[in-house]
Structures are given as structure tokens and as C-alpha cells.
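Enquirer: Single-letter residue listing:
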Amino acid sequence: MIVVELIKMIRRPRTWLIIGMLVALPTLVAILLAVTDLGPRPGTGPPFLSAVLSDGTLFPLAALGVVLPLLLPIAVAVLGGDAIAGESETGTLRYLLVRPVGRTHLLLAKLLTVVAFVLLAVLVVAAVSYAEGRLLLGKAPATGTVSLSGSTLTQQDLTWRTALALGYVIICMLGVAAVALFFSTLSGSAIGAALGTIGVLIASTVLLGLDAAEALHPFLLTRYWLAFVDLFRDPILWRDVVRGLVVQLGYLTVFTLAAWANFGTKDIDD
Amino acid sequence: MNTAAENGHVIQTRALTKRYGELRAVDGVNLEVRAGDVYGFLGANGSGKTTTVRMLLGLVLPTSGEAKVLGQPMPTARRQVLPQVGSLVESPAAYPHLSGSSNLALLDATGSDRSPRSERRAKIRDALDQVGLDPADRRPVRTYSQGMRQRLGLAAALMRRPTLLILDEPSNGLDPQGIQEIRRLLLQLNAEGTTIFLSSHLLAEVEHMCTHVGVLRDGRLILQERLDALLRPTGLVAVRTPDIDRCSELLGAVVDSVGDDRLLVRADDPADLNAYLVGEGVRVDEIGPYRRSLEEIVLEAETRA
Chain A
80 MIVVELIKMI RRPRTWLIIG MLVALPTLVA ILLAVTDLGP RPGTGPPFLS AVLSDGTLFP
140 LAALGVVLPL LLPIAVAVLG GDAIAGESET GTLRYLLVRP VGRTHLLLAK LLTVVAFVLL
200 AVLVVAAVSY AEGRLLLGKA PATGTVSLSG STLTQQDLTW RTALALGYVI ICMLGVAAVA
260 LFFSTLSGSA IGAALGTIGV LIASTVLLGL DAAEALHPFL LTRYWLAFVD LFRDPILWRD
320 VVRGLVVQLG YLTVFTLAAW ANFGTKDIDD
Chain B
138 MNTAAENGHV IQTRALTKRY GELRAVDGVN LEVRAGDVYG FLGANGSGKT TTVRMLLGLV
198 LPTSGEAKVL GQPMPTARRQ VLPQVGSLVE SPAAYPHLSG SSNLALLDAT GSDRSPRSER
258 RAKIRDALDQ VGLDPADRRP VRTYSQGMRQ RLGLAAALMR RPTLLILDEP SNGLDPQGIQ
318 EIRRLLLQLN AEGTTIFLSS HLLAEVEHMC THVGVLRDGR LILQERLDAL LRPTGLVAVR
378 TPDIDRCSEL LGAVVDSVGD DRLLVRADDP ADLNAYLVGE GVRVDEIGPY RRSLEEIVLE
438 AETRA
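Protein chains in written order, with my numbering: chain A, 80 to 349; chain B, 138 to 442.
If you're looking for bench data, these hints aren't it; they were derived computationally from the structure.
In this text, a Cβ means the ideal position worked out from N, Cα and C, and glycines have one as well.
Check the hints yourself; a few may be wrong.
Stated by the list, open to error - Label-pair restraints from in silico Cβ distances:
#1 B:172 to A:181: 57 to 67 Å
#2 A:287 to B:269: 52 to 62 Å
#3 B:256 to A:328: 49 to 59 Å
#4 B:314 to A:328: 51 to 61 Å
#5 A:191 to B:172: 36 to 46 Å
#6 B:321 to A:90: 28 to 38 Å
#7 A:325 to B:158: 49 to 59 Å
#8 A:234 to B:263: 56 to 66 Å
Next up, chain A with everything else stripped away, as it sits in the complex (with noise of 0.2 Å):
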């Protein structure tokens, strides 16, 4: 089953266009970067952005981090909005069902082919940026890459560090990942789905911008995404890491288990 799923999502048109989409915006960015040079200002803008000019070998982590706040979890909410509602929108999810084919089966298959889209989508955009970094960004000094506190991280320290930020990265999208697949099996609409998403990750966003809202903050699903720039300070910095991971995996359990109540029992009349 999760074969299939897999294979489905693979031969879909939609899946590399979004990945075309992921993989277009840092590319842009490289090249304005490279033809005028200009940087933001250390501090401002996406992390590793005004370090990259310097340092190339960072481009990945700064495309990640151009990705990660609103391109990524929307082409997540897509992915995972269509889940069941799309199946459900042409017909073929009661075809599934009577196939037979458990639902909390597909409701499973469906959650691990949307983070095998995220780990595809990431890899993809790790690879396209480092090739991107090498060749139109400075080069990493013979001395080392600096990390954000000041010293100097060995070739080897870079790469681990690195995959630990692209994996973190993968986890922040499971939370999103499973409230889509929760909205999924509530509307009978693949867009209503994906929009229901959006609307929870621009709420979070707003309400972390807001003072009011900080006895909230620590839960909102958005808080902790940026914590893979922490993984570059020398000593790393956990503290935000395993809170963004106990985050997500608080989102992903409760609301896949809100998607398998719901779908469990529902009576499928589209």
C-alpha cells in the first residue's frame, strides 16, 4: 500500500512542479546574491543569508532557511490537504475502501508519503543549493567554515551538522503534515483542506508576533522552526532543538490520531 502510495505521488506531475518551485525561489536568491553582491545585513533577513556571500558552502542551510517559514509548509499543507479529500474528490477513495484497503492503513500510507515528499523536496533542495553555492558564491575559507559563535567548524563538523538540520527540518514539517491529513479527512474538498492548513500556520505566525499571546508561544507549531540555526553555534545550542521536536511530535500524535477518529467511522458519500 505504501508502495503504491509512493509510486502515485511520484508520477504526478503536481509533486515535481512544487519541488520545481521549492528548488526556483533560493536559486533566484543565489543569483541576485552573486550578480549584485549585496547581502542583508548580519542579523537581518533569512538565517545565513549575509554569510553566504563569503561562504558558499553555507548556501544549503540559507536555502533551507529561505524555504522553511512559508514555501515548504504550504507545499506540505498542498500535499497533505489532498491526502484523502483529493482521493475523495475523484471518486476513487471509495474504490480504495472496497478494494479492500483499511483506512487507517491508507490514512498511514497517506501521513508517510506526504514526509517522504518533505524528505524528497528537502534533499532535492539541499543538493540543487549546494551546487548552487559552490558555483556562484564565494568559497569556504581554507581555514574553515565560522560558525555563528565565532569559531571555526572543521569540513566534517559542517556536513553532520548539516544532515542534523535537514532532518530537523523534515520533523518541523510533520506537525503540518498531520494537521493536513486531519483537515483532509474532515473536508470533502482537497483546497479546503490545504487552505483549513494555511490558516492554522498564519495563525501561529501571528500569534507568536504578538506579546499577548506568550504564555501560547512555546505551543504554536511554528515556534521553533528556525531552531536548526542553533545546530551552528559552537557549543550547540539544544535547548530550542528538543523543544521543536517535542512540539511536533505533540502536533503529529494528536492530530493523527484526530484524523484516524474521524475517518474511522466516517461514512464515505461523496
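Guided by the hints, dock chain B onto chain A, whose structure is given.
Expert: Coordinates of chain B only, in the frame set by chain A:
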């Protein structure tokens, strides 16, 4: 399967009911479909046919009552039951960007009873052949006509050679020739032992194919009977004549009912009756044994209900 074989029931529901709020979409339905039947499930649009079909397939959960398919309770036993059931629910559906055979391959691969790769291709080819689609056609389903989509839906239902076919409006979107082809195919499958439960709003379709008829109206099963029993001779003779008054006067007590230009008469032999009427100088346009059409029977049942 064993229990189904014991009492011969392939589908059996008891007081099957589905309520949506106040609306009783399906209301205390007791269906009985036996092995080898071609069961025509009739009813106007919105009478609850599709909801009943969906309950049989475990897509919609009944509010109360029970449904057994192949002798096992649905939806509890769907994992055992559904692999032996082929179905077309409301309308066919396929992924529009993939070809017909890719769609069938994906559908086959999703089940735990998927066929080995080598067999899958042959199965798909056979199923597409059966319904009159070209297995070599690589065009995406997006480009299919409605008739082709319907055929693809049927191919999907037939692919696993089910013992029971549950088909909701199988001739939707087909041209008259297509309807004939599919009807022939279904009757052939039935002759080979497949039980067919066919829901339709087309009386003619049911009259042509079915051995049994069930009629649903406003969620209630108002008629369930063997078709040949319903259509058996009535012992009445229909007489069409312009001299309707004189004729009914002549025949007196044996007249069953009088219409605008037609009398129904209790008589054993139309030829004798004809000779008598003509001898009395009554002009007869048409005379013959009276059989009720399915349409009349259904209308009568609906008026009673």
C-alpha cells in the same frame, strides 16, 4: 462462504436503516439475494439505492439493522468479504493523469491480495478485453469518453473475478450498443456462476436481465419478488375495441376493468372470446392474453405504498 452456501444467501439484510438526522434514507430494508441471482434493485433517484449499496460495501455505516454479504456481517468482515466482491458505486472513478491499465494496476497493487506482477498484466489485459477497451491504449483517462470510463469501472470490478458483482447503474453513459455488449457480458458471467446485484432506475434494463426484482421507494423496500412470478400470465384477456360500451355490456360480469379503449376480461382463451365478440358484431382492434409490464407492476406497488 460456507454459511452463505448453507442458506444460499449472498446478500441478506435485516431491518437495514440509515438515518441522516430526521431523514430516513434507508428504512428497515430486508434484502434477499441468493447465489446465482441477477437481482435488479429498482428505485427513483434519491430513493436510497446508493446508500444501501454503500452500506453493503461498508462505506456507509448503518444506523441500525444488519447486512450480511457472502454470509458474513458487514462492515465487520469487510476484509474477508470484499476481495470476493466487484463493485461499481454510483460512477466509475480513476486517476485522470494515468492510463486505464495503469489505473487497474495501481488498484490491484493496493490490496493485500494483489496479484504477482506476471499475472497482473494478463489479468488487466483480460479485464480490459472483456469490457471492450484496448489494453494497449496508453492515453490518460482524462481523455476518455464517459462510456469508456464506465467500461474501465466495470473492468476494475471484474478484474479479480469476483463471486458477487454489486453494480450501481452499470449502463450509465453507454450508447445502446454498449449497453447491449455489457448486458451480454454480465449475463455470460452470471451463467458462469457470478451473482449480480444491479441497481438501476431503468425498468427496461432490469426487465431484460434480471431474475429477481426489489423496488425501493423513499428508503423502503416496497416489492421483492421473482421477475417471472411478477410477469406471469394474469388469466386476463385484453381487448382493444372502438365499441367499448357495447362490448362491456355484452360481457357483463366477466369484465375485470374498463379503460378508455381497452377492456380486461377474465377469460381462458382469447380466440374463443374473439369469435364470440365478432359474432355479436363488436369490432375488435386487438385481442390477446394480458401480461402486466414491469412498469405497471412497479407503479401499482408504489400506489399501494
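Enquirer: All the hints need checking, so say for each whether the structure fits it.
Expert: Structure-based check of each hint:
1. B:172 to A:181: 57 to 67 Å: This hint is violated: roughly 28 Å between Cβ atoms.
2. A:287 to B:269: 52 to 62 Å: Hint holds: Cβ distance 60 Å, inside 52 to 62 Å.
3. B:256 to A:328: 49 to 59 Å: violated, 42 Å
4. B:314 to A:328: 51 to 61 Å: Because 59 Å falls inside the window, the suggested range holds.
5. A:191 to B:172: 36 to 46 Å: holds, 41 Å
6. B:321 to A:90: 28 to 38 Å: holds, 35 Å
7. A:325 to B:158: 49 to 59 Å: violated, 42 Å
8. A:234 to B:263: 56 to 66 Å: Between residue 234 of chain A and residue 263 of chain B, where Cβ atoms are some 59 Å apart, the hint holds.
Violation of the numbered hints given earlier is confined to hints 1, 3 and 7; the remaining hints are satisfied by the structure.
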